[in-house]
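*Asks:* Sequence:
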Amino acid sequence: FDLFISLEGINSDIGYLTWYKYEYTTESNEITLTGLQDDTRYYFYAVSRDLAGNVEDPLNGTEYYSSNGLYDQKMEIKYIPLLDWGYNFIVEVDDNLDGIYETTLVRGEDQNRLKSNEYYLDLDTKTIIFGGLSNGGYVPSEDLNSINNVRVLYSGVQGIFEVYTGEPESASSLNIIPSNTTELVVSFVVPKDSQSCKVQRTTNVSKGYFNEMIIAPCESGLIEYIHTNPDINEIYFYRILIEDEFGHESISENRSIDMKDVVKLYSSTSDSDSSLLGMDSIIPITALVGVIMLGFGGVLLYRSRSDDILDENVTVIESKPVAKYKVEELYLIYKDGRLVKNLSDVEVKTDSDIMSGMLTAINDFVQDSFNTEGDLGSIDYGNNKIILQRGTNSYLAAVVYGEVDKFFKGKMINAVRNIENVNPAMSAWNGDAETIIHTEHYLQPIIDETKQSTKEMVDNYFSEKEIVLTTSYEKLGDVIELQVHMSNYSPGVIKNCKLVPEYNGLNLSLLGIEPDVFYSFSDNSFVVGEVESYNEVTFKLKMKMKIPNATPLEIKMNYEQKGRKGVASSLLEII
Numbered sequence: 112f113d114l115f116i117s118l119e120g121i122n123s124d125i126g127y128l129t130w131y132k133y134e135y136t137t138e139s140n141e142i143t144l145t146g147l148q149d150d151t152r153y154y155f156y157a158v159s160r161d162l163a164g165n166v167e168d169p170l171n172g173t174e175y176y177s178s179n180g181l182y183d184q185k186m187e188i189k190y191i192p193l194l195d196w197g198y199n200f201i202v203e204v205d206d207n208l209d210g211i212y213e214t215t216l217v218r219g220e221d222q223n224r225l226k227s228n229e230y231y232l233d234l235d236t237k238t239i240i241f242g243g244l245s246n247g248g249y250v251p252s253e254d255l256n257s258i259n260n261v262r263v264l265y266s267g268v269q270g271i272f273e274v275y276t277g278e279p280e281s282a283s284s285l286n287i288i289p290s291n292t293t294e295l296v297v298s299f300v301v302p303k304d305s306q307s308c309k310v311q312r313t314t315n316v317s318k319g320y321f322n323e324m325i326i327a328p329c330e331s332g333l334i335e336y337i338h339t340n341p342d343i344n345e346i347y348f349y350r351i352l353i354e355d356e357f358g359h360e361s362i363s364e365n366r367s368i369d370m371k372d373v374v375k376l377y378s379s380t381s382d383s384d385s386s387l388l389g390m391d392s393i394i395p396i397t398a399l400v401g402v403i404m405l406g407f408g409g410v411l412l413y414r415s416r417s418d419d420i421l422d423e424n425v426t427v428i429e430s431k432p433v434a435k436y437k438v439e440e441l442y443l444i445y446k447d448g449r450l451v452k453n454l455s456d457v458e459v460k461t462d463s464d465i466m467s468g469m470l471t472a473i474n475d476f477v478q479d480s481f482n483t484e485g486d487l488g489s490i491d492y493g494n495n496k497i498i499l500q501r502g503t504n505s506y507l508a509a510v511v512y513g514e515v516d517k518f519f520k521g522k523m524i525n526a527v528r529n530i531e532n533v534n535p536a537m538s539a540w541n542g543d544a545e546t547i548i549h550t551e552h553y554l555q556p557i558i559d560e561t562k563q564s565t566k567e568m569v570d571n572y573f574s575e576k577e578i579v580l581t582t583s584y585e586k587l588g589d590v591i592e593l594q595v596h597m598s599n600y601s602p603g604v605i606k607n608c609k610l611v612p613e614y615n616g617l618n619l620s621l622l623g624i625e626p627d628v629f630y631s632f633s634d635n636s637f638v639v640g641e642v643e644s645y646n647e648v649t650f651k652l653k654m655k656m657k658i659p660n661a662t663p664l665e666i667k668m669n670y671e672q673k674g675r676k677g678v679a680s681s682l683l684e685i686i
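Quick note on numbering: the sequence shown equals residues 112 to 686 in the working numbering.
If you're looking for bench data, these hints aren't it; they were derived computationally from the structure.
Everything numeric in this text was worked out from a predicted model, so none of it was measured.
Take these hints with a grain of salt, some might be off.
With a Cα cut of at most 27 Å, we get these calculated DSSO-like pairs of lysine-lysine [stated by the list, open to error]:
{"hint": "1", "residue 1": "K609", "residue 2": "K653"}
{"hint": "2", "residue 1": "K435", "residue 2": "K303"}
{"hint": "3", "residue 1": "K673", "residue 2": "K606"}
{"hint": "4", "residue 1": "K435", "residue 2": "K673"}
{"hint": "5", "residue 1": "K673", "residue 2": "K586"}
{"hint": "6", "residue 1": "K606", "residue 2": "K586"}
{"hint": "7", "residue 1": "K562", "residue 2": "K653"}
{"hint": "8", "residue 1": "K517", "residue 2": "K586"}
{"hint": "9", "residue 1": "K132", "residue 2": "K185"}
{"hint": "10", "residue 1": "K586", "residue 2": "K566"}
{"hint": "11", "residue 1": "K517", "residue 2": "K452"}
Taking CB as the label site, the calculated pair distances span [said to hold, decoys possible]:
{"hint": "12", "residue 1": "S644", "residue 2": "S455", "range": "25 to 35 Å"}
{"hint": "13", "residue 1": "G332", "residue 2": "P663", "range": "48 to 58 Å"}
{"hint": "14", "residue 1": "F112", "residue 2": "D235", "range": "57 to 67 Å"}
{"hint": "15", "residue 1": "D543", "residue 2": "F357", "range": "47 to 57 Å"}
{"hint": "16", "residue 1": "L234", "residue 2": "K566", "range": "50 to 60 Å"}
{"hint": "17", "residue 1": "Y377", "residue 2": "K657", "range": "51 to 61 Å"}
{"hint": "18", "residue 1": "Y175", "residue 2": "P602", "range": "54 to 64 Å"}
{"hint": "19", "residue 1": "D235", "residue 2": "S257", "range": "28 to 38 Å"}
{"hint": "20", "residue 1": "G197", "residue 2": "E330", "range": "17 to 27 Å"}
{"hint": "21", "residue 1": "K566", "residue 2": "D543", "range": "34 to 44 Å"}
Note that CB positions come from ideal geometry on N, CA and C, so glycine has one too.
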């Protein structure tokens with residue numbers, strides 16, 4: 112067969128279709144179309160010839176139908192009809208069965224109200240629907256002689272599809288770090304290989320941004336731009352523009368830095384605490400918001416049931432992506448193998464022997480590759496992985512459970528560079544860890560990001576479970592603090608979520624919940640609302656033990672998924 116293709120811009124109206132014969136190659140009964148254009152709608156049909164020489168041409172098609180004379184007859188046509196661009200769609204009827212199609216019908220627009228000479232065409236099902244008893248329309252007489260008394264002449268195609276790639280994913284982890292008053296390091300992460308990346312800067316947002324560096328082609332990963340000799344009296348705003356091969360653009364959030372604060376930082380001779388305060392003033396609020404959004408996703412808003420408008424007293428709860436990994440340990444290690452700083456999650460109790468063995472494994476691996484270029488990679492260590500990122504004079508090792516992504520590695524390298532930038536004498540370190548300042552300031556956020564995650568939550572992510580409720584508790588005297596994690600691992604949103612604690616009121620009493628959400632007395636539940644796909648929300652229930660004995664407690668989450676009701680539960684014993 113011969114394959115023909117026509118195309119039109121999605122947002123254009125040219126009034127006609129031009130057909131092109133497409134030279135194709137086929138393999139395993141599949142045809143691959145190449146060289147397609149973006150923002151374009153394609154139409155295609157095939158003209159086939161059988162061994163007897165019969166030709167079937169959808170663009171000049173004729174189909175026949177034999178009527179049974181009843182109401183609501185339906186005739187399904189073979190191809191997708193072309194109803195615009197000057198193409199005809201003609202339905203003819205041979206009423207007196209003499210072989211002549213003398214009656215031409217009219218296409219009606221309203222199936223519920225058809226005139227006596229009209230039919231209705233359902234484009235979704237490619238079906239002609241004739242008249243009915245209640246809605247009117249034309250009813251062809253019964254084809255007693257089986258001569259196919261209904262004929263349809265039309266132009267059709269086998270398929271219609273659109274090509275639209277959408278905007279490319281925007282750059283993330285945009286950060287501005289001053290090396291000194293004469294140099295700023297602008298770093299960011301490109302999520303996917305792109306046609307070009309543009310570092311844009313301005314000192315006046317209202318006047319627009321200007322390109323400072325263009326990278327083409329732009330590969331995924333961490334990229335840095337060095338801004339030399341900035342004006343010490345200016346506030347600089349930066350953003351990253353990414354363009355794909357189709358010309359679509361995405362723009363990152365902007366970041367700003369006030370050079371007056373940089374001057375204060377590097378002219379300060381006060382102690383390390385005041386130096387840290389100076390650094391905090393450099394990091395703009397927008398940057399902090401960006402870090403929060405990167406780590407915890409969006410926010411979940413509970414809306415008014417009546418008008419979908421946010422109430423004044425509505426609770427705003429942070430929703431974060433489900434736990435794919437948990438950071439258990441961070442080791443900042445000098446280039447010669449000496450330990451500078453170690454931070455651990457409070458859950459993890461690492462004794463000195465395990466830590467010594469882990470450091471030995473890390474050092475043996477790193478010393479062979481520290482002076483080489485590229486990523487140091489990772490080490491498998493038991494059920495964990497040790498992720499490594501290097502700086503100039505040190506490297507950071509993260510002991511994680513689960514699978515990390517390149518964004519996590521970007522946070523690690525940014526932390527190392529920030530520490531080295533505020534410790535310019537680190538290249539000649541004397542071994543005194545107290546002389547390396549602000550290590551905890553830059554490393555603790557990496558630990559805190561997964562502080563509420565557990566190994567069980569990570570395992571749940573990689574299992575086939577879709578809706579999971581996990582709980583843990585801490586006992587402070589007679590007060591129980593219960594952590595509740597509601598995780599949606601499904602590809603769709605779950606709605607009308609309610610948290611239901613079930614317990615013996617003689618043994619326990621409920622003191623409160625954080626964050627504070629609406630409580631329904633009618634069904635003893637906390638109204639949660641919606642949880643987006645691959646996200647989770649966390650609550651802390653506070654309860655009081657009335658008796659010293661062990662007592663069971665069950666937490667349930669009722670929800671709706673795709674119109675069906677479901678429940679997830681977690682049972683634990685308070686001792």
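*Asks:* Against the structure, test the hints numbered earlier, and report the numbers of the ones violated in rising order.
*Replies:* Result: hints 5, 6, 8, 9, 14, 18, 20 break, sorted rising.
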